[in-house]
Amino acid sequence: MMNTRAVQTIFMAEMKRFFRTIGQSLISPVISTVLYFVVFGAAIGSRIQQINGVEYGAFIVPGLIMLSILTQAVSNASFGIYFPRFSGTIYEYLAAPISAVEMVLGFVGAAAAKSLLIGVVILATSWFFVPLEIRHPFWMIAFLLLTAITFSLLGFIIGLWADGFEKLQIIPLLIITPLTFLGGSFYSINVLPPFWKTVSLFNPVVYLVSGFRWSFNEVADVNVELSLAATFGFLVLCLAIVAWIFKTGYRLKT
Amino acid sequence: MNAIIEIENLSKTYASGLAALTGVSLDILRGEILALLGPNGAGKTTLISTVCGIVNKTSGSITVDGHDNVTAFREARKLIGLVPQELHLSIFETVWDTVNFSRHLFGKASDPAYIESILKKLSLWDKKDSKIVALSGGMKRRVLIAKALAHEPRILFLDEPTAGVDVALRQDLWNVVRTLRDDGVTVILTTHYIEEAEELADRVGVINKGGLVLIEDKATLMRKMGQKKLTLQLDTVLTTVPKSLKKYNLEVHGDGKVLHYAFDSKQGTAEIAGLLNDLARAKISYNDLHTEQSSLEDIFLKLVS
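Keeping their order, the protein sequence lines are chains A and B. Just so we're aligned, residue 1 is where the first sequence starts under this note's numbering, counting upward by one. Just so we're aligned, residue 1001 is where the second sequence starts under this note's numbering, counting upward by one.
Hints may contain errors.
In silico EDC-like cross-links for lysine to aspartate or glutamate, where the CA-CA straight-line distance does not exceed 20 Å [claimed, not checked]:
hint, chain 1, residue 1, chain 2, residue 2
1, A, Lys247, B, Asp1068
2, B, Lys1131, B, Glu1116
3, A, Lys253, B, Glu1086
4, B, Lys1218, B, Glu1198
5, B, Lys1218, B, Asp1298
6, A, Lys16, B, Asp1097
7, A, Lys16, B, Asp1129
8, A, Lys16, B, Glu1086
9, A, Lys253, B, Asp1068
Think of the hints as simulated: they come from the structure by calculation, not from any bench.
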């Protein structure tokens, strides 16, 4: 029998932490979004005009949302599991009748929910700056959910792997941020020289941003089905790593 | 009494290569207080952590009331409460919230009346709305015990519960442990303080270098292992032990006015009578005598040295 009460308890405890600092949790992504609009939308966008028939301001909205969801999912999930390990309170989760699946549902579920919430707030903020249309709302929700869950899993893995606060920061800083900026958040990878375009196709973020952008205005760098498949692939990879961690007890029970 | 926890041939080697446990077999009896003694790094905490599911074992088996602690971990863990050695607490939570959190992690529905009863038993009731960060070290220790009891376990592990705790609180905690035992809870505690084991335990186990050196009923242990010492205050100064008394294990102290006789308590009092007769024959008179039994501490030091 599943320990649903434990899942709910972990989920709520994680959400409580988010709401306790609701100000910083929501205001900082909103402020950075506004800054991106000022810098990219107003300053640069006024020179670029349109990309594939879409206003530059509206073009970058999906990228901005993805940028926030990725970074928030990773940082929330990694911190969520790293902190109990750091403070020692992890003993309580490990000694309780909770399975690996339940732990993941609680921690990763909460991190995904938080990042989705932030994504929605940014989407709402964008509405004040640019005219937006969402042509495929179901696809949009699918990409949002998949991305939030996948990157929360990735964050969870980082939080289990890290054995210090430096390591907790280094992956987001050295890998995720560059991948996001080079993943076509603020431009179409079609404007790149052929060599760099090919390199970009190895970047998983390209598929997320492209698919997500397609759901807004049918402008995509890669085929939307391929985007979905690539996102799924990344989700399965993260799930496999988490399963391996729990099976071997790596960094948790060794 | 039957065993509530059965540990068989349990070994744990950490990734670093450290063999913390090497083939420990131990039955913990239903309703007893078992004290596990051992020097730092002996493997006490590893043993507890392995039973509770915090650390994976390398080999061997553990059953808790008949449930294997790996294949039937839910049933096994539901029976166990754990009080860790370090004060691991979420400091921004209130006492009430953190104790209820523990209960819910074990899948149990809220029961405010029960939580109230354990907080009262642990003298925490008036602190129930305080944040953990505002509590003293001793109070935090109580909160950890309340958290461990929140899901109504039948077995309680206390990992060095009185390390760094003042005398008054130590007495309080001892009383709590006794009350729990009276309620039928099996208590396993690890400690450095021999006094604690002597005071509380029904049985004593000694762990050293990853192995169980001994496990014995406390009274039997003290009787079996206990050395007794007879001290005689002599009337006159004795420079050497007379030939007729050589067969006794005697030592002269205190400028020849004190005679020490060490003997095994197993031999009973017959030896003392013999010695006293022989002293009278040798015309050595004394004005006072008393005997002392060696403590668990002496026994312990003998075992681990």
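Going through the hints against the structure:
1. Distance hint between A:Lys247 and B:Asp1068 is fulfilled; the C-alpha atoms sit about 17 Å from each other, no more than 20 Å.
2. Taking the CA atoms of B:Lys1131 and B:Glu1116, the gap is about 17 Å. The hint holds against a cut of 20 Å.
3. A threshold of 20 Å between alpha carbons decides the hint, and for A:Lys253 with B:Glu1086 the separation of about 17 Å falls inside it, so the pair holds.
4. Only pairs whose Cα atoms come within 20 Å are accepted, and B:Lys1218 paired with B:Glu1198 is accepted, the gap being roughly 7 Å.
5. Annotation: proposed proximity of B:Lys1218 to B:Asp1298 holds, straight-line Cα distance about 14 Å (limit 20 Å).
6. Only pairs whose Cα atoms come within 20 Å are accepted, and A:Lys16 paired with B:Asp1097 is accepted, the gap being roughly 12 Å.
7. Only pairs whose Cα atoms come within 20 Å are accepted, and A:Lys16 paired with B:Asp1129 is accepted, the gap being roughly 17 Å.
8. Between A:Lys16 and B:Glu1086 the CA atoms are separated by roughly 25 Å; this puts the pair beyond 20 Å, and the hint is violated.
9. For the hint pairing A:Lys253 with B:Asp1068, the CA-to-CA distance comes to about 17 Å; that is within 20 Å, so the pair holds.
In summary, the structure is inconsistent with hint 8 from the numbered list given earlier, while agreeing with all the others.
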